[in-house]
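Chains as they are written, first to last, in my numbering: chain A, 1 to 59; chain B, 1 to 816.
Accuracy of the hints is not assured; some may be wrong.
As the list claims (entries may be wrong) - Restricting the straight-line Cα-Cα distance to at most 16 Å, the calculated cross-link-like pairs of lysine to aspartate or glutamate (EDC-like) are:
no., chain 1, residue 1, chain 2, residue 2
1, B, K509, B, D329
2, B, K181, A, E2
3, B, K304, A, D33
4, B, K659, B, E648
FYI, nobody ran anything at the bench for these hints, they're computed from the structure.
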Amino acid sequence: MEILYLLVPLALLLVALIIVIFFWAVRSGQFDDLEGPAHRIIMDDDDIRKSDENKVDKD
Amino acid sequence: MTDTNKTACFHCGLPVPEGDIYSVTIQGHKRSMCCPGCQAVADAIVDSGMEDYYTYRTEPAEQGRELVPEFLQQTLAYDLDTVQQSFVRHHDSEHGDLREADLILEGITCAACIWLNERHIAALKGVKSVAVNYSTHRARVEWDNDAIKLSDILEAISRIGYLAHPYDPGRQQQLLEDERKLQLRRLGLAGVLGMQVMMIAVALYLGNHFGIEEHFRTFFHWVSLGLTLPVLLYSAQPFFKSAVRDLKHKQAGMDVPVSLGISVAFIGSVWTTFTGHGEIYFDSVCMFVFFLLTGRYFEMVARKRSAENADELVHGVPAVTNRIESNEDEALITIAELRVGDRVRIKPGETFPADGVVIDGRSSIDESLLTGESLPVPVDVDSKVIGGAINIESPLIVKVEKTGQDTVLSGIMRLLERAQTEKPRITQLADKTAAWFVLGVLLLAASVMAYWWQAGVSVWLPVTVAVLVVTCPCALSLATPTAVTAATSRLTRYGLLTTRGHALETLAKATHFIFDKTGTLTKGKLELHETRLVSSLTEPECLRLAKALEAGSEHPVAQAIRNAIDEKVDPANSIHNTPGMGVTGQVGNRRMWIGTPLYIEQHAGQTLPNDVLNKMRADGHTVIALADSKTVFALFAMGDQLRDGSAELISQLQAAGRKIVLLSGDHTQAVARVAEQTGISDWQAELLPDDKLAAVHALQQQGAVVAMVGDGVNDAPVLAAAQVSIAMAGGTQLAAASADMLLLSSDMHAISEGRETAQRMLTIIRQNISWAISYNVLALPAAAAGLVAPWMAAIGMSASSLLVVGNALRLLRNKR
């Protein structure tokens, strides 16, 4: 069981990493809008691209 | 398919008028629209290639607005550097003059709106980036000021049917946001580390049972200590800070026993770690901190959300005006630059920037928000105008006489500030109870510790910790906030927004309800009340003629006439308007007049039947007549109609034994009529803001708990002085800012709902507090006797808290 003396500090390192990532996520606003992105990903942009291409063609 | 579409507007869902006049082809189908506004918006959406919006949306949009020149003029003001100072951030770079601002978007109904707005704004030339936050309806836009102006962006947004206005996040909002992020970090840290400590605690518990090597036990103790330290130093900080603050003010708040429990458990565990004797409670410390922080985080999010909602309502029109320079040119300037003696041009629909005197033009002005007077006041050369009043009919040139601190409006503001400082406070039930309770717990824990002292530290420490944990006023501290949060969110659904914490509790206890008249009990705008026909013409014929004559006027009377009949009517020719009197014009080949009886007598040469006139006026209505040069056709009586649910609200409040008082600045006759219609016996009219304030102070001195409902600037001091106050969302910024609650819906029923909910909330708070105290009283002796291990105490405490939360959630369900 002496392996615990290695595994526990490793786990602590991992925890430290998780906390650093969490703090970064809070600071960079990942938790600011919890609803929008879920909807945003469903909306397709197909139509927009089509009309953009049309514009380019006309030009 | 077309059949079903005929009934409702494809864009906003409102009924489509007969004849199917407005339509747009969307995704290959012809879709009917209810109005030119919706048509224009739908056209704009289709033209920019974003028809997909209609596929993805889950809610109909808000009704489209036609763009009015005044609106565009207002947005132009946002381009001024002096105005932008407050809300625009500059990012100068080699790419040009980059600027960034936050906008509030109104009219967002579903996620597709976000998509539509982002696409639309991003497609504008010169816009660098745009991001819309779905939860808060805020957009952050960055643009190149050399390529596009802010007003162009705002205009583009209004073309697709939304309303955007810049918003200054302000210091307070920014502080709240920083606070939220800090809380979230504290919570996350406590959660992640707490889980590690728990995991180790499980190993130790099992070790107690099955045996564990001593060096592993010591190792685990040290690791737990290391993991708990950041939780204590970082996450639990707010508890310690507020406990220290409470002690400094010689109060005993919730956080005193919380901090004490945490410290005792921690110090005891540290002692165990160093000496190797006894138990550790690091797991309890972490979990305790985590749960308490969770509760506070949600409370804070709810508070932030309501602050944001309130922010949305109280946005101000940019403070700019048109000054006429010495060379007769006009320049757009900010109010701050305005000096006494300046001449300003005030167009119809604009607000007077300062007190002054009219030097050119005739018009009528709306002072209702300042004085409570429901009808527009005619003004002429040499008439005085008050800053904050609105010009209605035709342009005026005003010479400024007083600015800034000297204006009537500033006077009211000072009254407001004084009222706020003198506001009587209602001590909060839960706080008072908790303070005594906390004191008792501390004394008890001390005596328990003293009692077990002889038995050694391995006995008194766990017992004392168990006492502190079991009596942790957790349930007690949750009792009020959970109930308040549940009641608040229920009322928000009804359109009653709570912006200050104590409002609901006080509303339930209010003994007197004071109402303002114009804009509060009434809608604050004229409506056609009665039409008397005096000739062979039918009512629709008369109304059509009247509408044709009034087509161009912004006067409330004209609007009332236009709203009275839905049909589209061609405007009359060669219309001439005599402000404050009436209008004449050519309909077909007849010259016709519409206006006050005096106007009709002077211009059309017709006398009106006096008996009918007096009868119609007796009700406090404004009467106008329609005539040509030969005969009078009809008399129209206009009045400020009661708001939906006003009379019901009054009778419900009276049935509940509350005293109702009506305080208004309007004329006696008009107030008397409304008092009679709503059944209010106690009313006063023609009051100045100070008079209203004095009346409220007098009531308060007799021990009344006053709830004030109002909307105008003249109500603001009273709203601030009353123990609890409700402002109308459509009213003035000042009133909304000084009130504790905001009525968003136009239905007064929400107030009655609010009072009932507040009372149920009080009942539930009492139940919760009784439960929390009786649980503690039962569990205490067991804990003091040393029968309860700290982990059992922790489970008991959590179960008790859950029960309290569950009870509070009953408020969200519908009645009984």
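Inset, instruction - Verify the proposed pairing of B/K304 with A/D33, using a straight-line Cα cut of 16 Å. - result: 14 Å, holds
Inset, instruction - Take a quick look at whether B/K181 and A/E2 sit within 16 Å of each other, Cα to Cα. - result: 40 Å, violated
Inset, instruction - Would you check the hint for B/K509 and B/D329, treating anything up to 16 Å between C-alpha atoms as holding? - result: 58 Å, violated
Inset, instruction - With a cut-off of 16 Å on the C-alpha distance, tell me whether B/K659 and B/E648 pass. - result: Roughly 15 Å separates the two Cα atoms, so the pair holds.
When held up to the earlier numbered hints, the structure conflicts with 1, 2 and fits the remainder.
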